[in-house]
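Modelling step: build the complete structure from the supplied sequences, incorporating the hints.
Going line by line, the protein sequences match chains S and U. Going by the numbering used here, the first sequence opens with residue 1, and the numbers climb by one from there. Going by the numbering used here, the second sequence opens with residue 89, and the numbers climb by one from there.
In short, the hints are calculated from the structure, not lab data. It is possible that some hints are incorrect.
Not the full set, but computed from the structure, chain S residues with beta-carbon under 8 Å of chain U [what the hints assert, rightly or not]: (1) Gly10; (2) Ser11; (3) Thr13; (4) Glu35; (5) Ser43; (6) Glu49; (7) Ile65.
We put the CB at the ideal spot given by N, CA and C, even for glycine.
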Amino acid sequence: MKMIQAVLDGSATPEELEHFKDNIEVCKPCIEGYELEKSIKESLQTKVEKKCCPKQTFEAIKLKIGIASLLVLGLLIKIKVIKDLFFC
Amino acid sequence: MDLEEEGELIEDTRPRYSESEKYKIFDKEFMPHIDSMYNFAFRLTNDEDDANDLLQDTYMKAFRFINSFQEGTNAKAWLFRILKNSFINDYRKKSKEPSKVDYQEVETVYNSTEDAEYESTTDLRIEAVQDMIGDEVAMALNGLPVDFRTVIILCDIEGFTYEEMAKILDIPIGTVRSRLHRARNLLKEKLRSYAKSMGYKELR
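This is the structure we're talking about:
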């Protein structure tokens, strides 16, 4: 069953893929297992709601990064001013 | 807390970005994944407020340690790894989710032979799964212990490969496969319970 899942997940090795192709049609439990795994995977992909990031959170992150940039800029200006005052 | 504590490897050859490059990378490589990241945070915490906090913390850490990111590599996997580590380190203990099943116990229960697994899971009918609505599937997913929930989210919802999952979770690929296999067996058990409550007869 791990091999069937790996095939469905697109992560099977070439050997597993070959073994799967050679045997899937003659193995009834494998076909049933494959179809069941496939339908569960599809349900997870299509039916479970994908939550989107709230706009406020998006804005909050941008703001925090913006503040961080201002702090860095402020620090650079401060260093430059100190250099100009004391080392020139 | 440095990034090594976060589970990231800092290489000596890491790039040194200028301030403007940092913002460019942040905007172009990190921000496009914000919805997937929020969805992952929400599915891990099961709580909108915690998901918001976890997401913001993750993005702040990503910016702080941006020199550990190699431009052009897999930004989504890199971000997911930071989020997962932040969740484990900072949020797991205070998570509002109900008491968790002991991970080792669950692994032991489901660490059975392939034949036994077949017997316990094939009684779920495909039609029952197809008839389920999103809430039922989501509830079954949310009911899994977080380590099992995580591999299913990464693989089935976000579409990561086993190799990417191994890097995100910092575990070998073999463990990814085993954990995913056990997670799916647990999920099937939960879906089978829903199917039964919906009136579907079991196959056996």
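- Interface hint for Ile65 of chain S, Cβ within 8 Å of any Cβ on chain U: Holds: closest Cβ of chain U sits about 6 Å from Ile65 of chain S, inside 8 Å.
- Against chain U, is Ser11 of chain S within 8 Å by beta-carbon distance? 4 Å, holds
- Query: Should the hint that Gly10 of chain S touches chain U count as held when the rule is a Cβ pair under 8 Å?
  - Reply: Constraint on Gly10 of chain S satisfied, holds at 7 Å.
- Proposed interface contact between Glu49 of chain S and chain U, which counts if any beta carbon pair is under 8 Å: 6 Å, holds
- Let me know if the C-beta of Glu35 of chain S comes in closer than 8 Å to any C-beta of chain U, holds or violated. It holds, given that the least Cβ distance between Glu35 of chain S and chain U is near 6 Å, below 8 Å.
- Status of the Ser43 of chain S interface restraint (C-beta, 8 Å, chain U): Holds: closest Cβ of chain U sits about 5 Å from Ser43 of chain S, inside 8 Å.
- Query: When the nearest CB of chain U is found for Thr13 of chain S, is that gap smaller than 8 Å?
  - Reply: Interface hint status for Thr13 of chain S: violated (10 Å vs cutoff 8 Å).
The earlier numbered hint that this structure contradicts is number 3, and it is the only one.
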